[in-house]
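Protein chains: 2
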Amino acid sequence: MKRTITIIGSGMMGSALAFPAFENGNEVRLVGTPLDKEIIEECKRSGKHPKFDRPFPKGVEYFQFEDWQEAVKGADFVIGGVSSFGVDWFLNEVLAYLDPAMPVLSVTKGLINLEDGTLISYPAYWKTELLKKGIRREVNAIGGPCTSYELVFHDQTEVAFCGKDTAAIKMMKEAMQTSYYHISTTNDVIGLESAVALKNAYALGIALTIGLVNRQHGAEAGLHYNSQAGAFYQATKEMTKLLRLQGADEDSTVLGIGDLYVTVYGGRTRKIGILLGEGKTYEEALDILAGVTLESLVVARRVAKAIYRKAELGMVDLTDFPLMTHVNDVLDHGKDAELPWDSFTFDNTK
Amino acid sequence: MKRTITIIGSGMMGSALAFPAFENGNEVRLVGTPLDKEIIEECKRSGKHPKFDRPFPKGVEYFQFEDWQEAVKGADFVIGGVSSFGVDWFLNEVLAYLDPAMPVLSVTKGLINLEDGTLISYPAYWKTELLKKGIRREVNAIGGPCTSYELVFHDQTEVAFCGKDTAAIKMMKEAMQTSYYHISTTNDVIGLESAVALKNAYALGIALTIGLVNRQHGAEAGLHYNSQAGAFYQATKEMTKLLRLQGADEDSTVLGIGDLYVTVYGGRTRKIGILLGEGKTYEEALDILAGVTLESLVVARRVAKAIYRKAELGMVDLTDFPLMTHVNDVLDHGKDAELPWDSFTFDNTK
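Chains F and U supply the protein sequences, listed in that same order. For what it's worth, my numbering labels the leading residue of the first sequence as -19, then goes sequentially. For what it's worth, my numbering labels the leading residue of the second sequence as -19, then goes sequentially.
Just so you know, these hints were derived from the structure itself, not from any lab. One or more hints might be untrue.
Since the list gives no way to pick out one identical chain from another, each pair is judged satisfied if it fits inside one copy or across any two copies.
Below 25 Å or equal to it, Euclidean Cα-Cα: the simulated DSS-like pairs (lysine-lysine) are [unchecked claim]:
no. : residue 1 : residue 2
1   : K28       : K38
2   : K144      : K330
3   : K150      : K28
4   : K285      : K221
5   : K330      : K107
6   : K24       : K38
7   : K315      : K260
8   : K150      : K330
9   : K112      : K150
Put together the whole structure using the sequences plus the hints.
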């Protein structure tokens, strides 16, 4: 069944979703945000996203943001493709004006921490804020290990769509699934969104070890994975604990572990982790990566803040999260990147 | 406190343990098996293991197997460093003649499947077999993400020592821990040993995706991690399920996930997985890897056999293990390596 899908936000992830969406036989309209003007111009001119190696399938339509309402007309659902820095913009400029009956699927990854240490998902945040305006709407979301440029290459990819409205996410799954884009469905919004956000913070912690190996052996040292694996083990342990606190389903947690895996390899988080691991100060690392969007740093800080707050309230024991607190100390207190390895050991003897 | 540690088996892992053992101030005696004659000769001549880039610390002593009883005299404990193909040899030639009061720590990784689908650890197997000879002994074991050549490089490494005799494993931990070798302790022998064995089978499944990417994009295609991460997610899910069936502690499971991570990158399992993923037949892959010890194949088949048997007995549902059964079909039934991606999706909606 052919559907019409409008993607708002033409960054890499939003744009990459145009591939499975169009190739599955749907009409696809890609709308840039006001920051995406040049991207949309380039797409209109060449049919290619400036950051992708392959052109879009012929037939995808492109819109500047001023025409977004026209692009949404007659759509079966809208995909929100903004970064976590665009969460409030998307709320105020799009969701506030969108027909509440129009299903929305968001790819924005992150969490928001409340005063009491609670971490809430963007769909929950949007819902609450929209209710203040008298608008009742659910937002659905995508989680799971998927880097945009690999989706463009038709690499085999496992993701999940989460939302409270089962009929809507099943309709979206049917519209989007292809021979390379495999979609699970779940009502566990907070679990999946938490997994997807937490993995950014933990991928940073694991990437530190790559920089530490470079520091010790030189960047051409070849295979050195023991320390990555040791950090991955601890990250899995802490993520599992935190996700249990968040009330996550086990499947959401495990998909988040897969997401952690791909983020260590594929993302921008890796770059800052390696620089810090090599011994650069936080300021030096940011200088080197000037212009790169580092959502992971925001997430890492928010999660750390939430855990410290939960610890103050007696809800968690900080010693259960030595990797998270270490990442926080490296980012914000100038601590050397070498990991607190002994604190990752356990004693399960009687 | 200085101790005397005798390592029997001078393959890569047994030999690598001489580094933390000696550097922590102990006397270390490395004994070859009858298959290791040339290795020991080379060690005596040059002080270096032929497969390592760095020489042993000066002071490690080397023994041919005919002198093993002398090498064990006065030792505080013995490390068993044979491969899984040497399990019965180690039982009949060493354990059967060793003072039952001498603690033993084994690095051999694997499981043995019984007729009813039960998977038992090598320590349990040795204990049962020795009892038949009237000998009562516990064997302790090492698990966790550790490749031998990285240990030689002093890379940061997280492992666990497991055993029923808490005092013995704590003594061994104290003797072996260094600034780079970090040791957890646990009584969960079956859990840790199962995790360590299972990860071999699952690493093979994940490595298939690397070969599949090479098949599709060429070996120089650069970053392609979505499919690895999708398989890693599924492997984590199935390993967690199987380890729960085995009665594993959660810490053992999570350390096994770290071990899975390092095995995808560092091991021989990776090589055969890539070849099969690229489209080589099982026989072609074995030809290319002629002479390489492939313990992972033995483990993969044993685990698959156990799961099929458990399914026959109604204890598990085979559809919960699509990656494991796929690996088995690729190895033994000539199935193409492309993974059954849709079977990895879940539906957690109401």
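Of the hints given before, which are not true for this structure? 3, 9
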